[in-house]
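What follows is the residue order along each chain.
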Amino acid sequence: MGTSFGRGGATTFQQDLQNSDCIVIMGSNMAENHPVGFQWVMEARERGATVIHVDPRFTRTSAAATKHVPIRAGSDIAFLGGIIHYILKNDRAFKEYVVNYTNGPVLLRDDFKDSEELDGFFSGWHADKNGYTHETWQYKDMDTHGEPPDTDKTLQDPRCVYQVLKRHYARYTPETVARICGTEPQHVIDVAEALCANSGRERTSAFCYSVAWTQHTTGVQTIRGAAIIQLLLGNIGRPGGGILALRGHASIQGSTDIPTLFNILPGYIPMPHAHAHDDLKDFIESEGAKTGSWGNMDKYIVSLLKAWFGERATEQNDFCFDLLPRINGDHSSYRSIMGMLDGTVKGFFCIGENPAVGSANSGLHRRALANLEWLVVRDFSEIESASFWYDAPEIESGELHTESIPTEVFWMPAAAHAEKDGSFTNTQRLLQWHHQAVEPKGEAHSDLWFYYHLGKRIKEKIAAQEEPFSDPIAFLTWNYPEKGETADPDAQAVLREINGWDANGRALSDYNGLKADGSTACGCWIYCGCFKDEVNQTARRKPGSEQSWVAPEWAWAWPANRRIIYNRASADPQGKPWSERKKYVWWDEEKAEWTGHDVPDFNKTKRPDYTPEAGAKAEDAIAGWQPFVMQEDGLGWLFVPNGIVDGPLPVFYEPHESPVKNALYSQQANPCRQQFPRTFNESNPSPSDAHGDVFPFVLHTYRLTEHHTAGGMSRTVPHLSELQPEFFCEVSPELAQLRGLTHGDWATIFTSRAVIEARVMVTDRVKPMRVDGKTLHSVGLPYHWGSRGLVTGDSANDLLNITLDPNAHIQETKGLTCDIISGRRPRGKDVPDFMNAVRTRSHLEGQE
Amino acid sequence: MSRACPEPVEGFIDLTSAAAESATYGAEERDRMGFFTDTTLCIGCKACEVACKEWNQLPSDGYEFTGESYDNTKELSGNTWRHVAFVEQMEPERDTGRWLMESDVCKHCTHAGCLDVCPTGAIIRTEFGTVVIQDDICNGCGYCVVACPFGVIGEKQEDHTMGKCTLCYDRLKVGEQPACAKACPTESIQYGVVDELRERAEKRLEKVQQKFDGAQLYLNDPNDGVGGGGSLFLLLDKPQVYGLPPNPIVPTKDLPQRWRTAGIAAAALFGAVVLCAVSRR
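From first to last, the protein sequence lines are chains A and B. Sequential numbering of the first sequence, starting at 13, is according to this note's numbering. Sequential numbering of the second sequence, starting at 136, is according to this note's numbering.
The shape of chain B in the complex, shown without the other chains (with noise of 0.2 Å):
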């Protein structure tokens, strides 16, 4: 089993990495698994949002007309595990222009904040590099939510536990594909082994280059502020077009540097401690 999990990243500890965490599944570790989301083949169907509904059970987020262009759901929540935003850009003249669709989903972070902030557990890394939920164990106190740069994860109206893409866990286990993937009629969800995926991805933007001057991947660069995405995106102009955040930095980044501080100014501090009451005798 090859370990497809990039190594840690300078400035990273180690328990916050996708592949020191799936190594801890030992002979059990599979290929780290993960979407490459090719936006100009989306034809904005929404066949992953009923796909991904359907399978994970999760109820509608209510029935409300946003006016958002044919985005009605808005946002990914604990309810919504996939969304598709539509970005109308019509040229002046209106006689063309583009109206942009993406599926959004988890981004399965190499460095998930979510999963360092975790208090009891819940979420964790599983055996194909994905990050995960476990709603038996969660208790909803919400760190999780704050703690994700892309705000994917939210309150599950059923249960009031956190609920997120796991990336279809279930299916995987039997050598399915994710539900979205499986729907989606245009391969604008493509479903693999990350590593392969970002290879695809490098190839199919030096061609949509060509013809799109601002296309561009994002969280295909292992390097960036979450070590890289288990989702890739292919756009075709900048994230927060979409409405993603263009420099996401897992917040837990500078955890260890904020440990090393603390422990720092505590041992100063014991040590003053220490210092006075030896100066007192």
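Just chain A, same shape as in the assembly (with noise of 0.2 Å):
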């Protein structure tokens, strides 16, 4: 999304949907992960939307929809590729939006090499490093005369991107996607046509996706290819369109706008890396961009450094841009976990995440854990990851043994959010505040006070040192107001500073008054106005009845309040609205200013005929008729030249495990992909590999509406708990019958990884399917259970491999390869023996 329109967030929101004349929900069982969400989807149903579910499995989100096409599990850029073909192929693009609001026109280096002409690589491969350079990927003659960038509008030169996108997907055509997919090429057929039916100038379509399309090793390039879809067909920024990134839980859109990640800084500003930036001048040079909003980097680093560092910040010392932590290389989620294994990451804080149960390879996780010194788990009971030192499978099995494990575990109870005050961002980028209703029992606090009050420690500790490696804690500005008896840092406070304030110390109203001489502080720029007025913007509650269906008075989305970002994009070049129908915000010529149902993404007076001048810098660089105001040249790139390490245009490639082999190139998977050979952490042979068959079925991971994620807050509950009381397999009648598995009984399931067992539930919602030529069962669990609870069974994710997207560093959890039989699995040490059979089948041993 970030690639594509500029931002990493959904472009629409959740209530927008109502307006939709054709919903495609892929990669997503939105009705049982998103039910209340769901709502709007099935408004539109209601209104008469064609609402379309592609997936795998016939779920409860199939049984809502109007149409269910079933797709093999990691085959979705295929799927995608199918109807950026039939769009290409039929002249359905929707021309006057693809000319002026995305990079289609703009032609490409003479050097470009495409994967259709390299055998699934682009030009820029380097095979020793396993990686491109992106070079031949830029705009033709960007390097020589400067932007703009040369463009055909007729779309007729084969060197302009619409053309190199018409050439990379003549190959997708609906009966090659169909024997990919599993599918009918007659579905491909009609869920290209449903969309290119309710697209353009009166109607519009919108797609819904969630894990199900990120959680594989190409799950960028899967949401890219959504966005090029969207952008051919014109619905970017206008009602009823766009693409709704469902996200996993609540506040993981947060959690990446004020970020739990390795590489980024608040509101999206890279980490500084430790060789590559030497001063704050450095920086803002190579992270910012001459044109487009990353033009005022140094704003919002500067206000982001004065939040942090308060008058310690100066111009004189680069607002101590030398004091922010610096990285060096990949320090993600999963490389730390390779790391505790090695002995190099020594210390873990767990919060929010059950790991033991909850990530790919949770037995790897559980070994990990085990290799610590110290470990602090934060939750509301004693998870797995906290009791693994007595109960793991591990123990039960003789692998590992408590005496031996070093790891001191300090187990701290959590609040819930009815127990503390503070915001959630959820899906639709919109922040809501939630007011504490009773205090927490017992010695339960809040995440706040934790981290404010255990800095307030290390600072202290730190003061006595007076040592210049002590200026990062010690320079930080760390004086929240506290109350009460347990005191409790004002939330309020904190997010007061996230919004930030102006040399007099009022409340910024948006991140348009952001300097960069040190005079203004913000935490998060893109959060800039939360805070509006010194009014706690997020906890607006205006019913609905009472303004209107946007409700903008409903909490505060990011950015400046806006619900459908790029919404330029909803009115044509000229500034009118593309049709009555679909009227959302538009120029008024009387008041010379963008107005509407929403706010403008815009600067609000700038004329949609407004050409810049040459060498114009930030947003005046962007003309009155570009919508995407993030991007450097304002357009909605259909090719991405830059920020994607995989290629500029989606490719489909077979998951990393898979039983057939790629029909279309001879490389198999990603060639990208992010991989960690090593014991407990094999791959499962595919195909092309020597005993490519001994994992014969697919296997896929997801949640259930009753229970959520690692169960730590679902199997402690007895009304959810009985709801899906237990570990279950989700199977055809012609897998059981292959298997001799009985309904309701019980089957074993392994990978090279681990053996698990799981209740059998034989379903004709699960079909097998015809993928070249061959019938390929799949075998279906959701990942709810573990060790503790008034619930338990074995963990679904003990099964998978760690292999990531090379992007987003996510692991793949929705298309590996396993094998299943009938009855129990083996208990304690036969698990090891057990095991060891299964790798002398498939000839792991020597697999490191």
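Hints are computed from structural coordinates only; laboratory data are not their basis. A portion of the hints provided could be inaccurate.
A few chain A positions that, by computed beta-carbon distances, are all more than 10 Å from chain B [to be verified]:
hint	residue
1	128
2	196
3	260
4	274
5	306
6	336
7	450
8	546
9	552
10	559
11	562
12	749
13	839
Pairs of lysine-lysine residues, derived as BS3-like cross-links and limited to a Cα-Cα distance of at most 30 Å, are as follows [stated by the list, open to error]:
hint	chain 1	residue 1	chain 2	residue 2
14	B	373	A	79
15	A	629	A	152
16	A	79	B	346
Which residues of chain B face chain A? A few of them, derived with a C-beta cut under 10 Å, are [claimed, not checked]:
hint	residue
17	199
18	311
19	312
20	327
C-beta atoms are modelled at their ideal positions from N, C-alpha and C, and glycine is treated no differently.
Each of the two chains sits in its own frame; use the hints to bring them together as a complex.
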């Protein structure tokens, strides 16, 4: 999303789905995992919209959809490529939108080579580094005469993006795609036609996706596939259109906005690199952009530094830029787990997660936890990640011994959301405040309390040392008002700091007020405005019945309370609505400003015919008809020259583990995928390898409405536990017959990582696929169970392998391979014996 | 205050009709309130089951994997007052199909068998026309269990009294809607004045029937065997597919006739005895 449109967030909001004429839900089981938001899909359906669910299983979402299309797990890019093929072959793109608002007309360099020419690779591939360099992906002549780039508005030039795209997807015909996906060609045509028929001036279509798109070794590229479709059909920035990223659980959007990620600072500012960024000027020059909103990088970073270091940050000391931590490589979650196993990571704060159940290859995670010096777990109950040292499956099997685990576990009770003030940033970039209803019980405290007081204690200790290395901590502003007996810091004061203030200490009203001279402070530039007029805007709860359907006075959305972003695109290049039916934001000639149902995502007074002068900077360089203000060229990117590591266009690769060969390229899987080959993280062989047939079935994991992720918040609640009390596997009657599985009885499922057992659910809702002429079965596993709680069971995640998408470092959980047999799994010391036999059969002993 | 309840139907004694019973509240009588459960909008999220248990402080019914699709609470019981049924109906080629979901609940019948047979007076008709068990009066005899044609009532784990949906009587008293309807994200459970719900259900059926042949209303007819329900349903298939009786009849329907017959028999017997005594003289 970020690379295609400029911001890493859903382009629309759930309530807007009611305006859609066609909704494609793919890579998401929205009805089950986002039931509250799904009401707007139902509303659209009742108004006559076509609702299509593309998914390997027939789920509760499929049941509510007007059409279900079964496809094989991990074949999404092929399917999306088929839709792109259909649009381009039949000339169904929304041309006026594509020509003016996307980089479709832009000419590419002559030395750019497409994956169709190089059998699954783009130009710039370096086999020795397992990665790409990006020079050949750039626009033609950009380096010689600067912007704007050469274009062909007729879209006929063979080097223009539109034509490159056409050639790139020429082989993704309905027949080929159907063969790969295990579906019918007519399904591909039907979905493509539904999208085309419901797009254009008068109609709009929306995509909804979730973690079944992101959790692949090609996750980011899958989302890119939808971005291309939506740009070609003119559905971004318009009511009823867009791409709705449905986040995995509460405040996941917030956890990237104010990040828990290693490589970004608040507001998607990159984390400085140890070697690439010597000083602030250097950082701004290399990470900012000359044009577009990132042209204001200096204002964002300086204001952030002022928020963090206060008076200490001055122009003379580079606003304390030197005191920010630096990265020097990949420090992502899974990389850190490997560090724990290798003994280089010695301590771990485990908060808001339960990796011993919830992370891919949870067995490897338990082994990692068992190799730490110390571990802090903050949760409502003693989850598996806190109790692994005495009740992990590896203890039972004799592979780990309690007495030889050195980890000192600090298990601390955490306050629940109703026991503390704070905000959630939900799936649609909406910040919603929650007020404390009751005091936390016993020794439970809010997370804010924990970090604040931990910080205070560290600062006290550091202050005594007076060493230069203590400056990053000693200089931090750390003085929020405290309240109550427990001295809980005031969460609203934190929100106000995030919003930021001007030179007089008054709350800023939006990010346009930020300055690079150190006179403003702002903890997260995209959240600037959430405390406008000294009012907590996120706590607004004006009922929907008392305002427009957009409900701008319900909570607050970033950026600047915009609910649909890039909404300049809801008007034509001249600023008029594309149609009366899809009117949203438009240019009011009389008042000489942008107006409409939402906050315009555009400079309010910039005329639609505004043409930037040569050498214009930042937002001044964006023309009046270019809606994607975050992008350097103001355009939606069909083709991504920068910012994505595994290719400028999505290519279909098989999952890392797959029972079939890639039908399109010799290159089987994403060549850039991030792998961690090591003992206990072996990969099942795929067909072109020897013994590629040992694990014949597709394995995919998912969630159920009744439970919450790794179960820490649901397996402890009787009213939820009784609704799905046991771990089960979903299989077709055909697979049940093949393997002698009995409905309601037990099955043993295994990969080269682990062996687990589950109750058998034989259901007609699962159908074997015909893939490339052969029958392919799948085993579906909900992953909520572990060893603790009211209802217990084996963890599906034990079976998974850790192999990641190279952009987002997200694991592949939705398409692997496995085998299944009838009956219960081995117990105790029989487990390692069983696993050794499996490894021998797959000839994996030497795989390191 | 309008009298929302239908007039008693021929064949029933007045005392078992919602209208007559609610009327005893005089000025405190309220519109008859109920549910319209539109199964075409249900997504099977079970929020109704959870909200019901949370509000009414009901325990779990046990942790048993049934294998019956996604239904593990199986049926309405003393501890489960909302229950979502799951029915898988895939087409033979299995690319398409239906997965029917229906949130079941007490029907709050116009002629309520449970109320008729309750020997302690624990079961009452409220001022909202709903049927409620007062757990401080119920002695757990279980007569109501067999008198319910839908199998709604069961024993509560906690105190061995009988339990079923109260239409959240305590919430209604303070102007709130029942917990299940409040929690339902898709308006599959609609709460309102029964007369209005019946009209809404008719209109909805007309629309749904254009797409689904088998669509039908359940307990919408005041002339059916229970005098119509305070809970109405729009189903996509026959009631029995969802585990609902197709032609429910309140078991106390023939009670007046039986009393009449018994009265005649008693009179005849008395007459015979008198005659006998007289003739002996």
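Against the structure, the hints come out as follows:
The claim that residue 128 of chain A lies off the interface holds: its Cβ sits roughly 31 Å from the closest Cβ of chain B, which is beyond the 10 Å cut-off. In this structure residue 196 of chain A is not separated from chain B by more than 10 Å, as the shortest Cβ-Cβ distance comes to only about 7 Å. The beta carbon of residue 260 of chain A is kept farther than 10 Å from every beta carbon of chain B, the shortest such distance being approximately 17 Å. Every Cβ of chain B is farther than 10 Å from the Cβ of residue 274 of chain A; the closest lies at roughly 36 Å, confirming the non-interface assignment.
Every Cβ of chain B is farther than 10 Å from the Cβ of residue 306 of chain A; the closest lies at roughly 38 Å, confirming the non-interface assignment. No Cβ of chain B approaches the Cβ of residue 336 of chain A within 10 Å, the least distance being about 43 Å, so the stated non-interface status holds. Every Cβ of chain B is farther than 10 Å from the Cβ of residue 450 of chain A; the closest lies at roughly 15 Å, confirming the non-interface assignment. Taking the minimum C-beta to C-beta distance to chain B, about 34 Å, the non-interface status of residue 546 of chain A holds against the 10 Å cut.
Non-interface call for residue 552 of chain A relative to chain B: holds, since the shortest CB-CB distance, roughly 22 Å, exceeds 10 Å. With a least beta-carbon separation of about 20 Å from chain B, residue 559 of chain A lies farther than 10 Å from that chain, consistent with its non-interface assignment. Distance check on residue 562 of chain A: its Cβ is at least 20 Å (rounded) from any Cβ of chain B, clearing the 10 Å threshold; non-interface status holds. Against the 10 Å criterion, residue 749 of chain A stays outside the reach of chain B, whose nearest CB is about 15 Å from its own CB.
Under the 10 Å C-beta cut-off, the non-interface status given to residue 839 of chain A relative to chain B holds; the minimum distance is some 20 Å. Restraint check for residue 373 of chain B and residue 79 of chain A: the C-alpha separation of about 23 Å stays at or below 30 Å, so the hint holds. Straight-line distance between C-alpha atoms of residue 629 of chain A and residue 152 of chain A comes to about 21 Å, which keeps the hinted pair within the 30 Å bound. Restraint check for residue 79 of chain A and residue 346 of chain B: satisfied, since their Cα atoms lie roughly 14 Å apart, inside the 30 Å limit.
Evaluation of the residue 199 of chain B hint against chain A yields a held restraint, the C-beta minimum of about 6 Å falling below 10 Å. Interface restraint check for residue 311 of chain B: the shortest CB-CB distance to chain A comes to about 16 Å, outside 10 Å, so the restraint is violated. At a threshold of 10 Å, the smallest CB-CB gap from residue 312 of chain B to chain A is about 15 Å, leaving the interface hint violated. Interface hint status for residue 327 of chain B: violated, as the beta-carbon distance to the closest one in chain A is roughly 17 Å, over 10 Å.
Checked against the numbered hints listed earlier, the structure breaks hints 2, 18, 19 and 20; every other hint is satisfied.
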